[in-house]
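> Work out the full structure, taking the sequences as your base and the hints as a guide.
With the first letter of the sequence shown counted as 1, position 198 gets the number 198 in UniProt numbering; the numbers rise by one all the way through.
Treat the hints with care, as some may be off.
Calculated pairs, DSS-like style, for lysine-lysine (alpha carbon to alpha carbon, straight line, at most 30 angstroms) [said to hold, decoys possible]:
hint	residue 1	residue 2
1	LYS449	LYS544
2	LYS359	LYS396
3	LYS557	LYS544
4	LYS73	LYS31
5	LYS637	LYS625
6	LYS637	LYS557
7	LYS398	LYS361
8	LYS285	LYS361
9	LYS396	LYS361
Listed next, with one range per pair, are the computed distances between beta-carbon atoms [unchecked claim]:
hint	residue 1	residue 2	range
10	SER684	HIS457	25 to 35 angstroms
11	THR222	GLU477	19 to 29 angstroms
12	THR222	GLN98	26 to 36 angstroms
13	ASN213	GLU518	49 to 59 angstroms
14	GLU477	ASN213	37 to 47 angstroms
15	PRO818	PHE469	47 to 57 angstroms
16	SER515	PRO818	48 to 58 angstroms
What the hints contain is simulated information worked out from the structure, not anything from laboratory work.
For glycine and all other residues, C-beta sits at the position ideal for the given N, C-alpha and C.
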Amino acid sequence: MPSYDPCIGDLVSGGLLTCLPETSLREAATKMQAAQVSCILVCQDDRVVGIWTEGDARRLDFSDQSLGDMPVKDWMSHPVVSAQTSTPLNEASLMMRQRHLRRLLVLDDQSYPVGLITQSDIVRHQGVEHYLMLRDVGSSLTSAPLVLDHQLPLDDAVTQLRQRGAEAAVVQLDDGQFGIITERDLIHLLADDVHVASLGEVAHGPLISVTRNSSMLNAVQTLREHGFRHLGVRDDESGELCGLLSLTDILSSIEYEYVQRLRDALADRDKALRASAEHLKLAHKVIDTSLDGIIITNSQGVIQLVNPSFTTLTGYSADEAVGQTPALLSSGRHPAEFYDHMWTTLEEQGFWQGEIWNKRKNGEIYPEWLTITAIHDEAGDACQYAAIFSDITDRKLKEERIHTLAYFDELTGLANRRLLMDRMRQALANAHRHRHQMAVLFLDLDLFKRINDTLGHHAGDAVLREVAFRLESQVGESGSVARLGGDEFSILLPEIRDTRSIETLCLQLIERFQSPIEVMGQQLVISTSVGISLYPQDGDDAAKLLKHADTAMYRAKELGRNHYSFFNADMSAHNQQELIMEHALRRALDHGGLSVHYQPKVDVARQQMIGLEALARWHDPKLGKISPVVFIPLAEKLGLIDALGQAVLDQVCQDLQRWSQKGDVVPVAVNVSARQMGDRDFLSRLQQTIKLYQVNPGLIELELTESCLVPTKAERTLTLLQRLRESGFRLSIDDFGTGYSSLAYLRRLPLDTLKIDAGFVRELPDNQDDVQIVTAVIGLAHGLGLSVVAEGVETALQSELLSTLGCTVCQGFWLARPAPASQVVQWLADGVGPGSWLLPAH
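Dropping the structure here:
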């Protein structure tokens, strides 16, 4: 997570461009043009003696044919304003605004030049996006733009730029459109040794513009995308050009949000203090009760009066302060030029307002917001000064905290989704401009929910923090790691050469996750599934790339987890189809779109139907028939299996109630999922349902898969089964032999029936291995006193073999296919009595 007070040394741009004092202006301009920089340092004997910038070009006489041959030393600015690498970014920003600088020379601890920091660096790194979004462009315009005609001689245009103090001017082109001329254009003219007569020959267009009411954040992003320093500003309604916005304007407005509230609160008092010294007598009461510190000085700056809040904020008593100057509070952080500018502003404008660092009596340095107002006598001369200040430490910390919460994940310190999307948009703009690839990785921790469920959320949080650390340390500075929420993470790789590097990173991440994490005295091993999307082939915007990486991650999970997968278009189509089916399934459950079919269980030896199995069927009006093999796993995945099971049970009870009114009935088996068994309200809902439909519980047989009989929850499962049995329900194990049931555990369960899985019946009587397995299952069932049913019986030979082995009850297409409830009425009429079931001819 970035520090709260970054230093300019962290952001400095290296690679200084230098020249000798005797270097010609043309050669210096050529070097600047080739390096695409806005200034060149003038050095002699390894010392920086001056600087020549684009702004200095405004001082040149472009009508002089020998201009390019003049030495740079005659036109350079000196001395060069500098700051140490340890200078906080906020201080550097303040210095540049107060001294009207566009750049600072950055010196290391040995005062050796290490680079420059510019207005662009300040705007890009001060972290003001969260309130630039709330400000409109019009609030930063200070004056109308300088508009010049394209026929104006170039040297006249340069003169107007210099007189106006403008970095650029709007040019009215001959086609009625607007262009622009900047200081950088003057540098290019010098470098290329081009002599032009009129402004139209050098101006370029069209002028890129934004509307007056658009956000400052939009303007900054537009400047970044085009690599410009200036934008035209047009009126939202008329479309007329009303301003020219520069990076200097943006930098000057950055502190606006910090001071606006305090400025409003002090406005009335400032007005009263500026009015006249006669109001001081009335103001004494306000001064004494004010929560802000107040100082009154004479015209020489000697303190005459302080209020009680002054003592509270600074630690100095009134006796210690009166007779001293405000230098008593100086922190030493501001150069002499800062105070010179403050007094110059006071003399010219009558007041000064800004942020300043002062020092308390105990040596603690703190930020304060200070307003100084000159109090004039009748002759108009300043006779006193009133200063009002407040400690803004808490406000700055809160603002920094708000910024952190808005853009960073509080648990892990990683970037959050909002910051990730912003970084992705910037990376996309850069990738588009430079025509290179970028990648987005979407990571999800496999089976992370088990940690929260078993060890609690404190353990889960500890795991997430360790995961964040491992991801950041593995990715390093080549990418940006973010936590999207829960156990989902993302990695932005803004520039990649090929996919092999991504594959290598994914393998390293997966391997890194193999190392155990120690949490609460336990060694936990987690794994991750990674999805990858690439720009430009998988999408050209941030949301689409993140969505496609998410889709690829689910594909990695389907491959068995602990894998990585690249996105392809087929995944998107599959997800779209699955989404359509998901909505259709929810709609079917909400509006009774599912039906129930029944398949008989027949005692072949007695030719008697002894029961039915209820099977869910789905025929969607648009999608057609959908197999249970498809929609039942989907219901499990979406957490809809409880609703599906309840819908089947309701239909079965309604049908049993209706059949009972017409005569005899047989038990109906209803499949129960492990999720339903894990629901603590399962039994009570079951009892409420049969009571609602007045159905005998002995007519309901609950078919459980072996996955329902979790050994780790043996006692709870055993208790539930006993209560179901006591309530009158019949119990059977479906697909027996396909799970991992413990026989010792199995014999304790209050079961009625074992059902042999169809997979063991399919190849009977030819497959001897299956014959042995079926023989063992039948023997086990009889040994435990359970009845046994064979599923998937397709032939008479299979039925005969099963009967010989001791299993006479069969279920399968050989006997009857699943049919709707209307067919069951006929089966009941034909097949309840012994010997009345007519087997189909084969």
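> Confirm or reject each hint.
Hint by hint, here is what the structure shows:
1. LYS449 x LYS544: Answer holds: LYS449 to LYS544 is near 27 angstroms, not above 30 angstroms.
2. LYS359 x LYS396: Since the Cα atoms of LYS359 and LYS396 sit roughly 17 angstroms apart, the hinted pair holds (cutoff 30 angstroms).
3. LYS557 x LYS544: holds, 20 angstroms
4. LYS73 x LYS31: holds, 15 angstroms
5. LYS637 x LYS625: holds, 20 angstroms
6. LYS637 x LYS557: holds, 13 angstroms
7. LYS398 x LYS361: holds, 25 angstroms
8. LYS285 x LYS361: holds, 26 angstroms
9. LYS396 x LYS361: holds, 22 angstroms
10. SER684 x HIS457: 25 to 35 angstroms: This hint holds: roughly 29 angstroms between Cβ atoms.
11. THR222 x GLU477: 19 to 29 angstroms: Check passed, 27 angstroms falls within 19 to 29 angstroms.
12. THR222 x GLN98: 26 to 36 angstroms: holds, 27 angstroms
13. ASN213 x GLU518: 49 to 59 angstroms: holds, 55 angstroms
14. GLU477 x ASN213: 37 to 47 angstroms: At roughly 38 angstroms between Cβ atoms, ASN213 and GLU477 fall inside 37 to 47 angstroms, so the hint holds.
15. PRO818 x PHE469: 47 to 57 angstroms: Given a distance of about 55 angstroms, which is inside 47 to 57 angstroms, the answer is holds.
16. SER515 x PRO818: 48 to 58 angstroms: The hinted range 48 to 58 angstroms holds for SER515 and PRO818, with Cβ atoms some 51 angstroms apart.
When held up to the earlier numbered hints, the structure conflicts with none and fits them all.
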